[in-house]
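Asker: Line by line, the protein sequences give chains A and B. According to our numbering, the first sequence is numbered sequentially starting from 1. According to our numbering, the second sequence is numbered sequentially starting from 1.
Some hints could be false.
[Said to hold, decoys possible] Derived BS3-like pairs (lysine-lysine); straight-line CA-CA distance at most 25 angstroms:
| no. | chain 1 | residue 1 | chain 2 | residue 2 |
| --- | --- | --- | --- | --- |
| 1 | A | Lys277 | B | Lys199 |
| 2 | A | Lys220 | B | Lys265 |
| 3 | B | Lys12 | B | Lys265 |
| 4 | B | Lys111 | B | Lys92 |
| 5 | A | Lys53 | B | Lys265 |
| 6 | A | Lys52 | A | Lys37 |
| 7 | B | Lys76 | B | Lys89 |
| 8 | A | Lys158 | A | Lys146 |
| 9 | B | Lys199 | B | Lys93 |
| 10 | A | Lys167 | A | Lys195 |
| 11 | B | Lys76 | A | Lys219 |
| 12 | B | Lys26 | A | Lys167 |
| 13 | A | Lys37 | A | Lys103 |
| 14 | A | Lys158 | A | Lys53 |
| 15 | A | Lys52 | B | Lys265 |
| 16 | A | Lys195 | A | Lys158 |
| 17 | A | Lys84 | A | Lys103 |
| 18 | B | Lys315 | B | Lys30 |
| 19 | A | Lys277 | A | Lys52 |
| 20 | A | Lys103 | A | Lys220 |
| 21 | A | Lys277 | B | Lys265 |
[What the hints assert, rightly or not] Take a look, some chain A residues computed to stay more than 12 angstroms from chain B by CB distance:
| no. | residue |
| --- | --- |
| 22 | Lys53 |
| 23 | Leu296 |
| 24 | Ala315 |
| 25 | Ile318 |
For the record, the hints were derived by calculation from the structure and aren't laboratory data. Think of the CB as a built atom: it goes at the ideal place given N, C-alpha and C, for glycine as much as any other residue.
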Amino acid sequence: MAEDSAVIDGHKISGTAIAEKDTMLAVTGLKTYFFTKKGVIPAVDDVSFTVKKGRIVGIVGESGCGKSMTALSLMGLVPAPAGKIVAGSIVLDGKNLVNLTEKEMCQVRGNEMSMIFQEPMTSLNPVYTVGKQVMEAAILHQQLGKAEAKEKALEMFKLVGIPEPQKRLDTYPHQLSGGLRQRVMIAMALCCRPKLLIADEPTTALDVTVQAQILQLMKKLQAELDSAIVLITHDMGVVAEVCDDVTIMYAGKIVEQANVFELFDNCLHPYTAGLLKALPTLRKNGERLYNIPGMLPNLLQLPKGCRFFPRCESASAICAEQEPDLVDVGQGHLVRCLKYRG
Amino acid sequence: MGDILIQSKNLKKYFFDTGGWLSKQKNIVKAVDNVDLEIVQHETLALVGESGCGKSTLARLLINLLQPTEGEVLYKGENIFNLRAEAAKQFKKQVQFIFQDPYACLNPRMKVVDIIGEPLTTHQLATGKNKEIRVEQLMNLVGLRQEFMNRYPHQFSGGQRQRIGIARALALNPELLICDEPVSALDVSIQSQILNLLKDLQAQFGLTYFFISHNLSVVRYMADRVCVMFLGKVVELGNCEEIFEQPLHPYTSFLMNAAPVPNPKLRNRARLLLEGEVPSPMNPPPGCRFHTRCPYVQEICRVEEPKLADYGGRKCACHFSLT
């Protein structure tokens, strides 16, 4: 265990070494646990990453790997009372969010950092016009008057490419298509020019053509506003299209972290390799698809050694005994696998 | 090509929106408009298109879950909408459905043995011990442990539930399986397991698949032929490999351009993306339905509706196909 924390510290040092003034978000040793009747569930277990200004960081994993919980932890929205951030720090532009009170957090949320959710229909209020919902953030955080806020909302609608923005201000969510709703969500999220935008599966519910539009829009806005984005997704294709850095999570832990080009060229962890191989590509080869045998472990009864060991094809006896640390194999490429102990 | 298993002729399904009893306005949603489609025995025909293009309506018409406004569906030469009681029952046995959401399509109060065995009970094919034996067989077939027979759906993961759904669909030894987005709710690693399973089952039982999906990589992996729909119309139909290599219809090539490629080095590739969204199927534009979004639009496209024409075995409905 001592060795583990040393490496976390090592990672922290390497994290702060890169962390110069352009680091927007630094998450260090984040642990979000759920305390249930059946036991403690380590949904997010010792997760560290940094997001620099003007970068898009992807957090990738399958359902249940803790990627959405990481996002909710950042926003201070972990479902209480069962869930709790038990350790770690979340530093947004020099301010540690973990210690903030709920009232202080409300000032940060939607203002300095905001979030886009997967299903735009369920996150928009059906009984208010979309214009009003976008205005709300501006009125609340920027103390704008109604008329100014409306002006602002109109400007945001133009920015995110909503056709006929003036007319759309007065429509209700159900009158808009999925793609337009997601644009409204983005307009709302960016209304206060947040330092950090968290997008949780923003395109999963959309058609490919609309998905491509939304991804392009996010890239364009990010370049214009120079904000930092955390993109949560399960789609390696989306990652390859927009992300700069990637963090792969498995069963609550980071298993690999690297620059996107490095990751696709030279992925080291067997899980990442499996994810990439399992994708049917547009190039047909007629062969059977690779699949990762087995399924995600129960977080209540985690295997003793490596969490991926029961599904790993290159596992050896030691993997069942010893939990691997996250080690740096060079140029900030981190991997959690005993094969790369150094 | 082999024998035609099922075939639609001038199939139309319109939905009428009267706008309430006081309203004078009348809107027609042409969900499926004049679709001619053939599914050949033992093949996988994939249907792709954006949401709202009529994919699911077409699937429901093909298995007589919806009555068409016009046209017919011939299953082995017989119109499925006028089948007599006994023949209708036979038809229902031979055509089965695999649903998109493995969480919604299984009754949470039923045990797995009853879910998989339900078609057997409905068609009075097996009861008691015989039913259990058949269910055991089916569970082995789809890779589920037979000890799980007395469990309830909530005790299974998404992938396992989808296997239960597949086992249920196979219970009556069907010939045609309609798969409506069978893997879109699953994780990538699970998705590949299910796709492999579907391929194995097809090889083993000579099944015919009508495979609906919006994921083009999945379609390319699974399909022999591909049918592309836009706003209730078939715009392109042909061999999977050929369509992916060289799409004829501009819409098809846009769909393919839009798919994300899992290779970051290609992220800045030159590609044309579609502007705007799918126009409403309610009162679709005159002429070619795609003309409002098409960059190659000409005067004729706004006026005259292109017919599905033959291009050496492939079909495409465009005045200026991309060849």
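Asker: Does the structure keep lysine 76 of chain B and lysine 89 of chain B at a Cα separation of 25 angstroms or less?
Answerer: 15 angstroms, holds
Asker: Hey, does lysine 53 of chain A actually stay past 12 angstroms from chain B on C-beta?
Answerer: Label holds. Min Cβ-Cβ 20 angstroms, cutoff 12 angstroms.
Asker: Given the hint that lysine 277 of chain A pairs with lysine 199 of chain B, does the C-alpha gap stay at or below 25 angstroms?
Answerer: The given pair, whose Cα atoms are some 18 angstroms apart, holds under the 25 angstroms limit.
Asker: If I take the minimum Cβ distance from alanine 315 of chain A to any residue of chain B, is it greater than 12 angstroms?
Answerer: 16 angstroms, holds
Asker: Keeping to a limit of 25 angstroms between CA atoms, is the pair of lysine 277 of chain A and lysine 52 of chain A held or broken?
Answerer: 30 angstroms, violated
Asker: Can you confirm whether the C-alpha distance between lysine 52 of chain A and lysine 265 of chain B stays at or below 25 angstroms?
Answerer: Roughly 21 angstroms separates the two Cα atoms, so the pair holds.
Asker: Is the nearest Cβ of chain B still more than 12 angstroms from the Cβ of isoleucine 318 of chain A?
Answerer: Nearest chain B Cβ is 24 angstroms from isoleucine 318 of chain A, so the label holds.
Asker: Below or equal to 25 angstroms on CA atoms is what counts here, so check lysine 26 of chain B against lysine 167 of chain A.
Answerer: Between lysine 26 of chain B and lysine 167 of chain A the Cα gap is close to 24 angstroms, so the pair holds against 25 angstroms.
Asker: Given the hinted pair lysine 53 of chain A and lysine 265 of chain B, is their Cα-Cα distance within 25 angstroms?
Answerer: The hint holds at about 22 angstroms.
Asker: Within a Cα-Cα threshold of 25 angstroms, do lysine 195 of chain A and lysine 158 of chain A meet the stated pairing?
Answerer: Holds, at roughly 20 angstroms.
Asker: Take a quick look at whether lysine 12 of chain B and lysine 265 of chain B sit within 25 angstroms of each other, Cα to Cα.
Answerer: Outside the cut-off at roughly 44 angstroms; violated.
Asker: Does lysine 167 of chain A pair with lysine 195 of chain A here, judged by a C-alpha cut-off of 25 angstroms?
Answerer: 29 angstroms, violated
Hint compliance for this structure: hints 3, 6, 10, 11, 13, 19, 20 and 23 are not met, and every other hint is.
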